[in-house]
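Protein chains: 2
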Amino acid sequence: MKNLRVPEATVTRLSLYSRFLERLDKMGVTTISSGEIAEGVGVSPAQVRKDLAYFGEFGTRGVGYNVNDLKKYTLKILGLDHPWSLVLVGAGNLGFALCTYKSFNVRGFTIKGTFDNDQSKIGKNIGELEVLPIERFEEKVKEYDARIGIIAVPPKAAQEIADLMVDTGLEAILNFAPVALNIPDHIEIRNVDLSVKLEVLTFNLGLHTNK
Amino acid sequence: MKNLRVPEATVTRLSLYSRFLERLDKMGVTTISSGEIAEGVGVSPAQVRKDLAYFGEFGTRGVGYNVNDLKKYTLKILGLDHPWSLVLVGAGNLGFALCTYKSFNVRGFTIKGTFDNDQSKIGKNIGELEVLPIERFEEKVKEYDARIGIIAVPPKAAQEIADLMVDTGLEAILNFAPVALNIPDHIEIRNVDLSVKLEVLTFNLGLHTNK
Numbered sequence: 001m002k003n004l005r006v007p008e009a010t011v012t013r014l015s016l017y018s019r020f021l022e023r024l025d026k027m028g029v030t031t032i033s034s035g036e037i038a039e040g041v042g043v044s045p046a047q048v049r050k051d052l053a054y055f056g057e058f059g060t061r062g063v064g065y066n067v068n069d070l071k072k073y074t075l076k077i078l079g080l081d082h083p084w085s086l087v088l089v090g091a092g093n094l095g096f097a098l099c100t101y102k103s104f105n106v107r108g109f110t111i112k113g114t115f116d117n118d119q120s121k122i123g124k125n126i127g128e129l130e131v132l133p134i135e136r137f138e139e140k141v142k143e144y145d146a147r148i149g150i151i152a153v154p155p156k157a158a159q160e161i162a163d164l165m166v167d168t169g170l171e172a173i174l175n176f177a178p179v180a181l182n183i184p185d186h187i188e189i190r191n192v193d194l195s196v197k198l199e200v201l202t203f204n205l206g207l208h209t210n211k
Numbered sequence: 001m002k003n004l005r006v007p008e009a010t011v012t013r014l015s016l017y018s019r020f021l022e023r024l025d026k027m028g029v030t031t032i033s034s035g036e037i038a039e040g041v042g043v044s045p046a047q048v049r050k051d052l053a054y055f056g057e058f059g060t061r062g063v064g065y066n067v068n069d070l071k072k073y074t075l076k077i078l079g080l081d082h083p084w085s086l087v088l089v090g091a092g093n094l095g096f097a098l099c100t101y102k103s104f105n106v107r108g109f110t111i112k113g114t115f116d117n118d119q120s121k122i123g124k125n126i127g128e129l130e131v132l133p134i135e136r137f138e139e140k141v142k143e144y145d146a147r148i149g150i151i152a153v154p155p156k157a158a159q160e161i162a163d164l165m166v167d168t169g170l171e172a173i174l175n176f177a178p179v180a181l182n183i184p185d186h187i188e189i190r191n192v193d194l195s196v197k198l199e200v201l202t203f204n205l206g207l208h209t210n211k
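Chains as they are written, first to last, in our numbering: chain F, 1 to 211; chain R, 1 to 211.
Just chain F, same shape as in the assembly (with noise of 0.2 Å):
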């Protein structure tokens, strides 16, 4: 891999490149061109070629990528040839879809456990997983040698845990609470706001109506 600093945007796009070559590859398509890409996903030829170019040299003049190996060596960019280990606090409404949105598995992450302090949630089971009480949590992130969390609790609660995870030596957490959490800089964190593309929708339908 190239030593240079890759724009988030771009790991962004290669997520959906190999997404998409993951699906061509099992529907026994075997080579590509960046226009193809490009349109499977929504972005131009030119950008395609320029996020590949960070991670080397593919593809050959004319003929284009072959499908396999580039699905292949995306993943291997993505941390994704080998499967995840992953631990989601908070078995409310969100979590319960967390735990069960298939996506998630395809990819390779699995979340091992799932925990909550309401003794109404500890116990009942989501999916095959039950829920278990926080004060387990240390215990079994050693058990599940995982290394990511997802928050899934309310804002009023996220920075506890968010400083649990973090005390716990997990080394990157996925926030789905709406507010921003204090972390070391050695932990990574992102956070998803389910509303933000909302309102990138609806300043697009502003734009439309002011024409």
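Calculated from the structure, these hints are not laboratory results.
Any given hint might turn out to be false.
To be verified - SDA-like, lysine to any residue: derived pairs with alpha carbons at most 25 Å apart:
#1 F:Lys197 x R:Gly64
#2 F:Lys76 x F:Ile32
#3 R:Lys197 x R:Asn105
#4 F:Lys124 x F:Thr110
#5 F:Lys26 x F:Gly42
#6 R:Lys197 x F:Thr100
#7 R:Lys140 x R:Glu128
#8 F:Lys26 x R:Leu194
#9 R:Lys121 x F:Asn93
#10 F:Lys197 x R:Gly40
#11 R:Lys197 x R:Gly28
#12 F:Lys197 x R:Ala9
Stated by the list, open to error - Distance ranges between label pairs, derived from CB positions:
#13 F:Arg5 x R:Pro133: 50 to 56 Å
#14 R:Asp185 x F:Phe58: 29 to 35 Å
#15 F:Asn68 x R:Pro133: 41 to 47 Å
#16 F:Glu128 x R:Leu207: 28 to 34 Å
#17 R:Thr12 x F:His82: 49 to 55 Å
#18 R:Gly206 x F:Pro154: 30 to 36 Å
#19 F:Gly169 x R:Glu138: 49 to 55 Å
#20 R:Asn182 x F:Thr12: 19 to 25 Å
#21 R:Gly42 x F:Gly92: 34 to 40 Å
#22 F:Gly169 x R:Gly42: 21 to 27 Å
#23 F:Ala53 x R:Pro154: 33 to 39 Å
#24 R:Gly169 x F:Leu207: 15 to 21 Å
Using N, Cα and C, we set each Cβ at its ideal position, and we do this for glycine too.
On the provided structure of chain F, position chain R as indicated by the hints.
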């Protein structure tokens, strides 16, 4: 508003600035610098200034921005100076989580109707909403004056629901099904894949490991 093509990443960040300003405004903060906005949201001060510059001149050199004015202006740009009625199809776990997701309401989004074709779900309540049969979709979209639809059905059913939304006259779609949908150009669509950000995390964890 200047007549420039605004990058989607700028709109996304504007949404984050807007939330941050809303929080500050509630706390009674009256003035803020681009550096403080930057720190609160986790981007560089230059980025904040560049993003805001798409929409005009704000702030006073050496004084900063008026929090309440800038908050109101960001809401206006994002089309959030008035409420939005939404409809959602797919009353599974994810649909349930979305219908009860408090961030939507805070930003002026109200899911007015939830629809499914599963007899075991129709008639049940999600919060204050009753799950309605999909046959009543068109009638209800008109009654609610909804312009945005949310797709929370399994991938296999997503295209059919997208077609229904387009035929019913919705103008924008937020798609949570992990599948690319074919939509006419005049409809705004954005896809939310909950595992993309996980892959950004694993990419970054890979960089650490390779150090």
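Structure-based check of each hint:
Simply put, lysine 197 of chain F and glycine 64 of chain R have alpha-carbon atoms about 28 Å apart, too far for the 25 Å limit, and the pair is violated. With a C-alpha separation of about 19 Å, the suggested pairing of lysine 76 of chain F with isoleucine 32 of chain F holds against the 25 Å cut-off. With a C-alpha separation of about 24 Å, the suggested pair lysine 197 of chain R and asparagine 105 of chain R falls inside the 25 Å cut-off, and the hint holds. A distance of roughly 19 Å separates the Cα atoms of lysine 124 of chain F and threonine 110 of chain F; the hinted pair therefore holds under the 25 Å criterion.
Note on lysine 26 of chain F and glycine 42 of chain F: the hinted pairing holds, with a Cα-Cα distance of about 20 Å set against a maximum of 25 Å. With a CA separation close to 17 Å, the supplied pair lysine 197 of chain R and threonine 100 of chain F stays within the 25 Å bound. At most 25 Å may separate the alpha-carbon atoms for a hinted pair to count; lysine 140 of chain R and glutamate 128 of chain R meet this at roughly 16 Å. Distance check on the hinted pair: lysine 26 of chain F and leucine 194 of chain R sit about 22 Å apart at the alpha-carbon level, within 25 Å; holds.
With a C-alpha separation of about 16 Å, the suggested pair lysine 121 of chain R and asparagine 93 of chain F falls inside the 25 Å cut-off, and the hint holds. The suggested pairing of lysine 197 of chain F with glycine 40 of chain R holds, with an alpha-carbon distance near 20 Å, which does not exceed 25 Å. Proximity of lysine 197 of chain R to glycine 28 of chain R is assessed by CA-CA distance (about 33 Å); at most 25 Å being required, the pair is judged violated. With a C-alpha separation of about 11 Å, the suggested pair lysine 197 of chain F and alanine 9 of chain R falls inside the 25 Å cut-off, and the hint holds.
For arginine 5 of chain F and proline 133 of chain R, the hinted distance range of 50 to 56 Å is satisfied, since their beta carbons lie about 52 Å from each other. Checking the proposed 29 to 35 Å range against aspartate 185 of chain R and phenylalanine 58 of chain F shows it holds: the Cβ atoms sit about 30 Å from each other. At roughly 44 Å, the beta-carbon separation of asparagine 68 of chain F and proline 133 of chain R lies within the given 41 to 47 Å, and the hint holds. A hinted range of 28 to 34 Å for the beta carbons of glutamate 128 of chain F and leucine 207 of chain R is consistent with their spacing of about 33 Å.
Against the hinted window of 49 to 55 Å, the Cβ-Cβ separation of threonine 12 of chain R and histidine 82 of chain F comes to about 31 Å, which falls outside the hint. Between glycine 206 of chain R and proline 154 of chain F, the C-beta spacing of about 32 Å keeps the proposed range 30 to 36 Å intact. The supplied range of 49 to 55 Å is met by glycine 169 of chain F and glutamate 138 of chain R, whose beta-carbon atoms lie about 53 Å from each other. One distance hint, 19 to 25 Å for the beta-carbon pair asparagine 182 of chain R and threonine 12 of chain F, holds here, with the actual separation near 22 Å.
Range check, glycine 42 of chain R to glycine 92 of chain F: Cβ separation about 26 Å, and the 34 to 40 Å hint is violated. Checked against the hint of 21 to 27 Å, the C-beta distance between glycine 169 of chain F and glycine 42 of chain R comes to roughly 23 Å, which is consistent with it. Here the CB-CB span from alanine 53 of chain F to proline 154 of chain R is close to 36 Å, well matched to the stated 33 to 39 Å. Hint check: glycine 169 of chain R to leucine 207 of chain F, Cβ distance near 19 Å, so the stated range 15 to 21 Å holds.
Violated hints for the displayed structure, listed by number in ascending order: 1, 11, 17, 21.
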